[in-house]
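Read top to bottom, the protein sequences are chains X and E.
The opening position of the first sequence corresponds to residue 1 in full-length UniProt numbering, with each subsequent residue numbered one higher.
The opening position of the second sequence corresponds to residue 1 in full-length UniProt numbering, with each subsequent residue numbered one higher.
Since the hints were derived computationally from the structure, they do not count as laboratory data.
One or more of the hints may lead you astray.
A pair holds if it fits inside one copy or across any two, identical chains being indistinguishable in the list.
As the list claims (entries may be wrong) - Here are the simulated EDC-like cross-link-like pairs (lysine to aspartate or glutamate), alpha carbons at most 20 Å apart as the crow flies: (1) Lys168 <-> Asp106; (2) Lys168 <-> Glu29; (3) Lys30 <-> Glu171; (4) Lys80 <-> Asp175; (5) Lys126 <-> Asp175; (6) Lys181 <-> Glu191; (7) Lys114 <-> Glu159; (8) Lys203 <-> Asp106; (9) Lys76 <-> Glu207; (10) Lys130 <-> Asp184; (11) Lys130 <-> Glu91; (12) Lys126 <-> Asp106; (13) Lys126 <-> Glu191; (14) Lys130 <-> Asp81.
Quick caveat: nothing in here was measured; it's all calculated off a predicted structure.
If you want the building blocks of each chain, they are given just below.
Protein chains: 2
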Amino acid sequence: MAIELSARQQQILEIVRLEGPITGEQIAEKLNLTRATLRPDLAILTMAGFLEARPRVGYFYAGKKTSEIFGEQLRKMLVKDHKAVPVVISENATVYDAIVAMFVEDVGNLSVVKDHGILAGVISRKDLLKVAIGKQETQSVPVSLVMTRMPNVITVTGEDNVYNAARKLVENAVDSLPVVKVLDAERKQYEVIGRFTKTTVTKIFVELGSNREI
Amino acid sequence: MAIELSARQQQILEIVRLEGPITGEQIAEKLNLTRATLRPDLAILTMAGFLEARPRVGYFYAGKKTSEIFGEQLRKMLVKDHKAVPVVISENATVYDAIVAMFVEDVGNLSVVKDHGILAGVISRKDLLKVAIGKQETQSVPVSLVMTRMPNVITVTGEDNVYNAARKLVENAVDSLPVVKVLDAERKQYEVIGRFTKTTVTKIFVELGSNREI
């Protein structure tokens with residue numbers, strides 16, 4: 001919702017931002033206007049959430065910036081509603097199997113799982129490329145030897161919000177996070193239920209920017 | 001700016017959205033209220049930009065949704081202000097050189113250039129992995145043999161907005177776009193001046209969501 005403020009309303013905001021809390025009388029004085037003249041402007045600024053009024057204290061600045069709306073919005077969007085389907089490989093598979101799986105599924109990262117889909121680790125294109133240019137045969141190296149292993153894997157749950165998930169991607173410099181259901185927090189037994197990747201974020205970004213309802 | 005609408009204001013919006021243009025009298029009738037009672041609500045909705053009023057026509061819906069603010073914001077942010085530094089390799093380099101460059105620079109994509117930094121193509125981790133598991137020696141295959149070649153490379157310029165750039169990433173299913181300066185549009189002579197990647201988008205996303213001014 002873009003509000004078009006009048007020049008006077010902007011002046012009022014500026015005064016309150018710099019000098020608040022400040023009474024209506026004092027604002028009127030600064031603008032050489034009567035309190036009655038200002039009343040509609042103050043009512044609108046208050047109802048629109050720019051200002052807050054407290055009895056016997058006065059007005060203070062409470063306006064939200066566009067960036068704050070973004071922040072609120074992104075914190076309401078949950079990983080479970082935006083995650084991609086999981087792409088997993090058994091910890092008994094070879095590096096060669098993992099490379100084939102990545103091409104077949106067209107993904108850049110795989111979750112490596114034990115029995116019952118329990119997360120054992122993750123493996124990326126970068127990890128595989130490292131093996132592929134090495135001396136070893138990709139068909140003889142098990143993925144479990146080159147993967148990032150639990151408990152060092154950064155994960156998210158479906159209940160996490162997309163802002164925090166995106167922050168984990170940036171802060172840990174990874175392209176993908178397994179979305180997990182926690183079966184046993186103490187023993188780090190996580191079931192893999194999806195992926196949250198930079199592609200996921202880019203799709204949300206485009207969706208949000210497309211002027212459609214979300 | 002988040003505006004908190006009263007229940008009655010939301011009812012009014014809904015009526016105007018469905019039946020506008022509609023006069024104040026007609027809205028009042030629908031709500032079993034007097035025109036005078038509604039006046040402050042209509043004034044606020046109009047000043048806040050939700051409704052527009054035209055003399056002798058009535059009120060019609062003009063409100064912007066949060067998603068529209070997003071869209072506007074993202075269209076104001078330009079690629080040149082957010083792009084990453086270019087990482088390039090000569091078209092005379094080998095696949096092995098490209099793999100080494102990717103590890104050294106820790107990037108997933110390289111721009112392949114001719115003399116004077118003119119874009120010849122792009123190469124991804126996926127392209128390199130394909131060669132690495134093949135029969136050929138990575139040291140004997142030139143990158144120019146396996147890269148995506150101009151004019152098939154999707155590019156953006158610094159003047160493009162980040163929304164359109166992100167959309168190109170999604171629609172073309174690529175992880176990275178070379179940011180270029182167009183030297184000769186007809187002959188597709190582009191100088192590489194940066195990168196715009198899913199990592200770039202994820203960083204903007206986190207920045208926008210961080211409740212800070214942007």
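(message) My question is about Lys126 and Glu191: at a cut-off of 20 Å on alpha-carbon distance, are they close within one copy, between copies, both, or neither?
(response) Neither way: Lys126 and Glu191 sit 24 Å apart in one copy and 28 Å across, limit 20 Å.
(message) Within, between, both or neither: how does the pair Lys130, Glu91 come out at a Cα-Cα threshold of 20 Å?
(response) Classified as within; 18 Å inside a copy, 22 Å across copies.
(request) Go through the copies and call it for Lys30 and Glu171: within, between, both or neither, with a Cα cutoff of 20 Å. (result) Answer is neither; intra-copy 46 Å and inter-copy 54 Å both fail.
(request) Measure nothing new, just compare the shortest in-copy and cross-copy C-alpha distances for Lys130 and Asp81 to 20 Å and report within, between, both or neither. (result) neither (34 Å within a copy, 33 Å between copies)
(message) At most 20 Å between alpha carbons: which applies to Lys114 and Glu159, within, between, both or neither?
(response) For Lys114 and Glu159, neither the intra-copy (23 Å) nor the inter-copy (48 Å) Cα distance is at most 20 Å.
(request) Indicate which option fits the pair Lys181, Glu191 if close means a Cα-Cα distance not exceeding 20 Å: within, between, both or neither. (result) within (5 Å within a copy, 47 Å between copies)
(message) With identical chains, the pair Lys168 and Asp106 could be close in the same copy or across copies; at 20 Å between alpha carbons, which is it: within, between, both, or neither?
(response) between (23 Å within a copy, 18 Å between copies)
(request) Can you give me the call for Lys80 and Asp175, within, between, both or neither, at a CA distance of at most 20 Å? (result) So Lys80 and Asp175 pass the 20 Å test inside one copy only (18 Å; across, 23 Å).
(request) Have a look at Lys126 and Asp106 and pick one of within, between, both or neither, based on CA distance no larger than 20 Å. (result) both (14 Å within a copy, 9 Å between copies)
(message) At most 20 Å between CA atoms: does that hold for Lys168 and Glu29 within a copy, between copies, both, or neither?
(response) neither (50 Å within a copy, 53 Å between copies)
(request) Can you give me the call for Lys203 and Asp106, within, between, both or neither, at a CA distance of at most 20 Å? (result) Cα proximity of Lys203 and Asp106: one copy only (16 Å, versus 23 Å across).
(request) Please work out whether the CA atoms of Lys76 and Glu207 approach to 20 Å or closer within one copy, between two copies, in both situations, or in neither? (result) So Lys76 and Glu207 pass the 20 Å test inside a copy (15 Å) and across (16 Å) alike.
Hints 2, 3, 7, 10, 13 and 14, counting from the list given before, are not met by this structure.
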